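Peer 1: Below, each chain spelled out in residue letters.
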Amino acid sequence: MVRTVSGPPGRIPGPEDPASPAGRPGHRGPAPRDVSSAQQRAAVFIRRHHLTPYVLLLPSAVAIGLLLFWPTVQIAEFSFQNYGLPQVAGQAPTQWVGGANFSAILSDPEFWLSLRISLIFAAVVVPLTLLTGTLVGLLLNRLGPKMSAFVSSTAMLAWATPAVSASVIFIWLTDPDGGVVDWTLSKMPSWLGGGAHWAGFSWTNAPLPAYTLLTALVVWQGFPFVAVAVLAGLKTIPAELHEAARVDGGGSWRIFWRVTYPLLKPIFLVLLLLSIIWDFGVFTQAYLVTGELGNRDEYNLGIYAYDRAFTMPPSYGVGSALALILTVILLIITIGYVRASVRQGATR
Amino acid sequence: MRLRSRRARRAGLNVLGVLVALVTLFPILWMVSTAFKPAGEIYSLTPHPLPAHPTLGNFRSVIDGKVIGLPYWNFLKNSLFVTLVSVIASTLIALLAAIAVARFKFRFRTSYLIMLLIVQMLPQQAMVIALFLDFRSLGLLDNLAGLILVYTAFSLPVTIWMLRNFVAAVPREMEEAAAIDGAGPMRIFWRILLPLVAPGLVATSVFAFIFAWNEFIFALTFLGTDTAKYTLPIYVTYFYGRGTVDWGSIMAASTLFTIPVMAFFLIVQRRMTNGLVTGAAVKG
Numbered sequence: 001m002v003r004t005v006s007g008p009p010g011r012i013p014g015p016e017d018p019a020s021p022a023g024r025p026g027h028r029g030p031a032p033r034d035v036s037s038a039q040q041r042a043a044v045f046i047r048r049h050h051l052t053p054y055v056l057l058l059p060s061a062v063a064i065g066l067l068l069f070w071p072t073v074q075i076a077e078f079s080f081q082n083y084g085l086p087q088v089a090g091q092a093p094t095q096w097v098g099g100a101n102f103s104a105i106l107s108d109p110e111f112w113l114s115l116r117i118s119l120i121f122a123a124v125v126v127p128l129t130l131l132t133g134t135l136v137g138l139l140l141n142r143l144g145p146k147m148s149a150f151v152s153s154t155a156m157l158a159w160a161t162p163a164v165s166a167s168v169i170f171i172w173l174t175d176p177d178g179g180v181v182d183w184t185l186s187k188m189p190s191w192l193g194g195g196a197h198w199a200g201f202s203w204t205n206a207p208l209p210a211y212t213l214l215t216a217l218v219v220w221q222g223f224p225f226v227a228v229a230v231l232a233g234l235k236t237i238p239a240e241l242h243e244a245a246r247v248d249g250g251g252s253w254r255i256f257w258r259v260t261y262p263l264l265k266p267i268f269l270v271l272l273l274l275s276i277i278w279d280f281g282v283f284t285q286a287y288l289v290t291g292e293l294g295n296r297d298e299y300n301l302g303i304y305a306y307d308r309a310f311t312m313p314p315s316y317g318v319g320s321a322l323a324l325i326l327t328v329i330l331l332i333i334t335i336g337y338v339r340a341s342v343r344q345g346a347t348r
Numbered sequence: 001m002r003l004r005s006r007r008a009r010r011a012g013l014n015v016l017g018v019l020v021a022l023v024t025l026f027p028i029l030w031m032v033s034t035a036f037k038p039a040g041e042i043y044s045l046t047p048h049p050l051p052a053h054p055t056l057g058n059f060r061s062v063i064d065g066k067v068i069g070l071p072y073w074n075f076l077k078n079s080l081f082v083t084l085v086s087v088i089a090s091t092l093i094a095l096l097a098a099i100a101v102a103r104f105k106f107r108f109r110t111s112y113l114i115m116l117l118i119v120q121m122l123p124q125q126a127m128v129i130a131l132f133l134d135f136r137s138l139g140l141l142d143n144l145a146g147l148i149l150v151y152t153a154f155s156l157p158v159t160i161w162m163l164r165n166f167v168a169a170v171p172r173e174m175e176e177a178a179a180i181d182g183a184g185p186m187r188i189f190w191r192i193l194l195p196l197v198a199p200g201l202v203a204t205s206v207f208a209f210i211f212a213w214n215e216f217i218f219a220l221t222f223l224g225t226d227t228a229k230y231t232l233p234i235y236v237t238y239f240y241g242r243g244t245v246d247w248g249s250i251m252a253a254s255t256l257f258t259i260p261v262m263a264f265f266l267i268v269q270r271r272m273t274n275g276l277v278t279g280a281a282v283k284g
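These protein sequences, in sequence, are chains A and B.
FYI, our numbering numbers position 113 of the first sequence as 113, with every residue one higher than the one before it.
FYI, our numbering numbers position 180 of the second sequence as 180, with every residue one higher than the one before it.
Looking at chain B on its own, in the form it has when it is part of the complex (with noise of 0.2 Å):
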């Protein structure tokens, strides 16, 4: 009785569970399910949850650049440039904050952390308007350049706060028994500190990855007209709000540019979640 009591429970659980699931889901099955659709079938009267006669077409017209007039690789290339710069340029000024903060007592240490903590709240669609004067009067609109600067500081106070505990986290009994052996600082720093902390530095750089990847406002405000240096973000919502919205060429751009996202969330889920919570947000 109280087993079957139980066994009940669990499985009206499960049954929740795969409710949230499909629910969370269901807006991203959409886009991919679409993105697969003919014209005919997205704009049919009674719409199906899968495509009956699923066609590449709507990403090949999105590769091709039919609606801009530039193809993907284009913009994929500015998203990547723009990317992978700031991020290794962030990781690397971040990792030599977090071992100050992590590592050394000094005066500003607190008030500097409660610095990072308070800046990374400042609106950016506030701060774009003077970015926006700066960077016209420095000639750095419409240019990607202009765009790695702003990615690489805004990212600074999350990757800081999350390196700050994966450093933390390196006992400093390795250190000193290898200062005792004679290592000096920078072959400590090679040796020791930096294998034990490379899983920080991934996590580290996917959080910066996501942040400049994903990043709307400021590629927006500075990239102004100049559509071949549009990144992803902006390319995927140039489509829309443009006469007749062909939906199916949005959500095979828009599919394009998540998947990448998602498979870098899901490979480092854990790492990202615990720094995250124990990091930037909450550490409890």
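The following block holds chain A by itself, in its conformation from the complex (with noise of 0.2 Å):
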């Protein structure tokens, strides 16, 4: 017998009591004879047509469904509408306009500015993020098993750091008023590229410097999740593959290429998927670093998506639109992302 879980006839460990003790002899609450027969009568049905899994996914598939699914759905049906706020208050109706805010978003050079933010946002931190990843992981497996758990308990302090409180520490990191970092530079000497024009110096006021910041926050978060990945990949490779190539002579750099880059590929490849996932669509970091809202020529796709949408007078119809092409475009990596889970054999 291989469904452990279906058992004999009787209660399943359904959704609906899940705490339900009804399952212990002598346990048996008081229930009246009627209910428990019509649940008995049900259990047997689903027995029957084996539709335990079925009963076991349905909260969850109801859950996701309604909150993940559905609202995809509709930012797709609100793209085709001129849904504002006239259309909330009910003082007008909703009309389906084709693909007017498509067309509109187009033409729109702050819709291509987004999307080039976020295309090199995305190009130059996934590389530095994985780069990093990658050295600290191999770091961590040369140390000793002290060092190491030393090092990487660091790690996962920075990984546990909430975005939020990230956000706000690197802002005042680079305040200009106070800030260490501006303090740092204008010490450091000038061939250093240091000097006293750093001193109250604003990061978050330009489009470049205000991304320089992002990107050392988003690497310093990300990183420590693609060191322990690669570090856990290390722990697989078999230490007498490393040996026999460094007696025939192979060097760090060729036996990263030559042995443990080709192992570790299927790893690196979903860590450079679901990277790219996330850097393109950074939000919570990007929201706070460009002053929430309003510096319009520093908004990545998504905040420009929200802003469309939700800034006064609300466009709800042109923000799903730009919600579309970001979820069309995160789709189309998340597909590749699936296609390499499942070749390792995730979904077995």
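Worth flagging that the hints you see were computed from the coordinates, not collected in a lab.
There's no promise every hint is true.
As the list claims (entries may be wrong) - A few chain B residues facing chain A, derived, Cβ under 8 Å:
1) V15
2) G17
3) V20
4) Q125
5) A126
6) M127
7) N143
8) L144
Said to hold, decoys possible - Derived CB-CB ranges, DEER-like:
9) A/G336 with B/I63: 42 to 50 Å
10) A/G336 with B/G224: 51 to 59 Å
11) B/A169 with A/W96: 50 to 58 Å
What the hints assert, rightly or not - With a Cα cut of at most 25 Å, we get these calculated SDA-like pairs of lysine to any residue:
12) A/K146 with B/R7
13) A/K235 with B/A21
14) A/K187 with B/V23
15) B/K229 with B/R60
16) A/K146 with B/S5
17) B/K77 with B/I118
18) A/K187 with B/K77
19) A/K146 with B/A8
Values in this document were obtained by computation on a predicted structure and should not be read as measured data.
Where is the CB? At the ideal position from N, CA and C, for every residue including glycine.
Starting from the two chains in their separate frames, assemble the complex, guided by the hints.
Peer 2: Printed below as a string of structure tokens:
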């Protein structure tokens, strides 16, 4: 017998009463007889038709369907409608406007700017995060057990720092009035790029400094995950492989590219795709660093969609159209991620 | 000679390790140290890593609610309420689903798992637009119940994946032996599966806890102007961007908000990374 959870006739651990003690003899509550027999009949029906897994999946399917799947469908719907303040207030009917929202977006320079910012940000941050994380992972693998535990604990703390806290910390570190970064840069010798002109430098008022700050912030928060995943992968490689390569006279660089990288390639692929998805869609940190809406030349795609949807006067139709574009881009990358995961046997 | 070079290399690696640890820790240390500094030291022309005259003044003004007009406990209570209810709900729902996908063979099983992988990547800043309008018509805005619904559902894809691996790791033979001894499905669940999956439940709840505790977009959008309903992430950013910025208070609030998550993270560190690596992201 393989299906161990569906056993002999009786109650199944249904979603209605996960904590019910009915399975324990002697603890049966004073349930009315007809209810209990109705429940028994339902249980027999579920068993006979092999419905147990579906019953178990029902609560999660309903929650995900209503709160994740349905809103995504609605976004697609709204993006073809003139959904704005009058429609929400019920003063005017919602009308289908065809592709009007999309044609407005395509001729909107702010959309192209936000898309470009999202693309460039991901193109810079993803390689940086993967590189930093891989180097730290390789380092952790070669440190002694105590040192390795210490360094990975500190990395864990960076990972554990909530996005909101990390954002306000980095904004404070680079504050023009008392921030330690400006102070350090102003004290550094000029051949290192330092100098008095750094005193009072504002990092959040222009796109390039703001996104430099955001890059540091996202790499700081993102590299521990990569390091830990790479370390876990390294632990699966037999030590003899590396030793053999070293005896054959391979240097660390060659060994990494000829032995380690090919073996960890599936992990790197998944990490790459996950990082693209996360960094292209980064919201909380970007929202806070660019000053909580208002600096329109610093918007990435997600913030621009959010701004168009919610800033007065709200335009949920245009915001949804932008959100749909973001969603479609992310879904395309997600398909690659899912295929890579399935190929590794994740769903087995 | 050989031994010495190996020792030198080990020392070099250790120095490198300490450097990485220091760079990584620096922002967190700076947050905590700023939180204990009096205003004069925070805005001093030469910043020092440690407060010369440590003070609890920043924490006191945060806890008394000088800036926002409401004490810290109000927001801690909101955050704890939202987080705990959604953690319990999502862990229970995820356990049922995890048993289904780990223990049964049925149509749509693989499709369901793949669907979970896909929906967890949907951008929240997109879905928040539709959910805002839905919750508006349902009267769930400015309402912590709305956040609980969202947090429960949004942590499910990852919690189901994590728990699936823990359930699958319980040897079927134990359940089969119990079934042969005449134990019913409920008895097997309570006596065998649940105790063995308990560590997985802890790791999963920690994940759900961190997600709900940290969540920003939905709280920002749904809680609007009703200050008394704010959860801690919104409360922390409330200080920031409102005229003169009081960094001492922000860092104190941020410290109070961050420390519980870090404590949790370190306690279940190993489980967490195993779970995340093998469950949600990389199965390798």
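Peer 1: Now, for every hint given, state plainly whether the structure supports it.
Peer 2: Going down the list of hints, with the structure as the test:
| no. | hint | in the structure |
| --- | --- | --- |
| 1 | V15 | violated (10 Å) |
| 2 | G17 | holds (5 Å) |
| 3 | V20 | holds (6 Å) |
| 4 | Q125 | holds (4 Å) |
| 5 | A126 | holds (3 Å) |
| 6 | M127 | holds (4 Å) |
| 7 | N143 | violated (15 Å) |
| 8 | L144 | violated (16 Å) |
| 9 | A/G336 with B/I63: 42 to 50 Å | holds (48 Å) |
| 10 | A/G336 with B/G224: 51 to 59 Å | violated (37 Å) |
| 11 | B/A169 with A/W96: 50 to 58 Å | holds (51 Å) |
| 12 | A/K146 with B/R7 | holds (16 Å) |
| 13 | A/K235 with B/A21 | holds (21 Å) |
| 14 | A/K187 with B/V23 | holds (19 Å) |
| 15 | B/K229 with B/R60 | holds (21 Å) |
| 16 | A/K146 with B/S5 | holds (21 Å) |
| 17 | B/K77 with B/I118 | violated (33 Å) |
| 18 | A/K187 with B/K77 | violated (44 Å) |
| 19 | A/K146 with B/A8 | holds (18 Å) |
Checked against the numbered hints above, the structure breaks hints 1, 7, 8, 10, 17 and 18 and satisfies the rest.
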